[in-house]
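Participant: Counting in our numbering, the sequence shown runs from 3 upward without gaps.
Please keep in mind that the hints were generated in silico from the structure rather than gathered at the bench.
Beta carbons: idealized from backbone N, C-alpha and C, even for Gly.
Heads up, some of the hints might be wrong.
[Unchecked claim] Computed list of lysine-lysine pairs in DSS-like fashion (alpha-carbon distance at most 27 Å, straight line): (1) K137 x K101; (2) K188 x K41; (3) K101 x K52; (4) K42 x K204; (5) K165 x K35.
[Stated by the list, open to error] Label pairs and their calculated CB-CB ranges: (6) E133 x V97: 33 to 41 Å; (7) E99 x V189: 13 to 21 Å; (8) F212 x V130: 40 to 48 Å; (9) E133 x T208: 42 to 50 Å; (10) Q63 x D192: 14 to 22 Å; (11) V130 x R164: 16 to 24 Å; (12) W166 x D210: 25 to 33 Å; (13) D192 x W56: 34 to 42 Å; (14) K188 x G151: 16 to 24 Å; (15) D195 x K42: 17 to 25 Å; (16) S191 x V135: 17 to 25 Å; (17) N190 x G90: 27 to 35 Å.
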Amino acid sequence: MFSKIEILVLVILLFSGGVGPAGAITGEEIVTKVVNKTKKARDLSVSFEKSFYWKLAGETQRLKGQFYLKKPRKLRLETEEQTVVTNGDTVWTFVPENKQVIVSSWEQWQDPLTQLLKYTESYQATYVEMEKVQKSECYLVQLFPEQEGEEIVQIKLWVDRRKWLPRKLEYLDLNGNITSYLLSIKVNSDFRDSFFEFTPPKGVETVDMFEVSPDTSEKR
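Modelling step: build the complete structure from the supplied sequences, incorporating the hints.
Facilitator: So this is what it looks like as structure tokens:
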């Protein structure tokens with residue numbers, strides 16, 4: 003299951019933070035270059051392979067999926083476990099195993115783009131070295147929180163030196179769990195707005211968070 007913090011990290015990946023000579027490049031410059039690249043894009047699509055190491059159980063879980071983003075705030079996440087879709091106002095969260103769709107507002111869902119500002123302002127980026135990821139030469143950047151108490155204590159980002167798009171992401175949380183993603187990103191696919199709408203399948207329960215409870219109605 004994808005949590006809100008994981009979707010937030012994916013957004014951080016695409017919108018976090020020119021560049022000087024390779025020998026003098028800094029982590030902040032690399033992150034800025036990624037920002038400049040993605041800011042020009044109308045939309046992005048990401049194919050990913052997720053690996054989650056659960057420290058307490060000593061187990062590793064794997065998951066594949068697709069993540070789509072169309073500016074300013076249309077989003078679609080698809081995995082075998084769930085589908086999350088938003089047109090910028092309404093958010094649909096469909097979990098096939100539960101046979102349930104939860105309908106909420108963008109504000110109720112906690113806008114990940116707004117929360118992103120907290121991370122871009124409170125993490126310090128440092129360039130480490132060049133590494134290959136799936137045959138691509140990448141800059142490895144480490145990001146650490148400037149203050150204690152952050153849920154994510156370390157982020158590693160591998161950025162393709164030619165395309166200036168992330169190829170791998172890894173982060174460590176307070177509990178010692180490690181989540182990593184192998185990524186393939188495309189820009190400007192020109193998705194239709196209808197792609198970011200969702201119709202619940204037949205036979206699935208819909209829980210509408212927009213509905214006002216009877217008690218609330220009586221008070222008005």
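Participant: Are the hints correct? Go through all of them and say.
Facilitator: How the hints compare with the structure:
1. K137 x K101: violated, 41 Å
2. K188 x K41: Holds - the C-alpha atoms of K41 and K188 are around 13 Å apart, at most 27 Å.
3. K101 x K52: Holds. K101 to K52 sits at ~24 Å (cutoff 27 Å).
4. K42 x K204: Violated: K42 and K204 sit about 39 Å apart, past 27 Å.
5. K165 x K35: Cα-Cα ~10 Å, so holds.
6. E133 x V97: 33 to 41 Å: The hinted range 33 to 41 Å holds for E133 and V97, with Cβ atoms some 36 Å apart.
7. E99 x V189: 13 to 21 Å: violated, 33 Å
8. F212 x V130: 40 to 48 Å: Holds, since F212 and V130 (Cβ atoms, about 46 Å apart) stay within the stated range.
9. E133 x T208: 42 to 50 Å: holds, 46 Å
10. Q63 x D192: 14 to 22 Å: violated, 34 Å
11. V130 x R164: 16 to 24 Å: holds, 19 Å
12. W166 x D210: 25 to 33 Å: violated, 42 Å
13. D192 x W56: 34 to 42 Å: For W56 against D192, whose Cβ atoms are near 39 Å apart, the range 34 to 42 Å holds.
14. K188 x G151: 16 to 24 Å: Roughly 36 Å apart at Cβ, these two residues miss the hinted range, so it is violated.
15. D195 x K42: 17 to 25 Å: For D195 and K42 the Cβ distance comes to about 20 Å; the hint holds.
16. S191 x V135: 17 to 25 Å: holds, 22 Å
17. N190 x G90: 27 to 35 Å: At 19 Å between Cβs, range violated.
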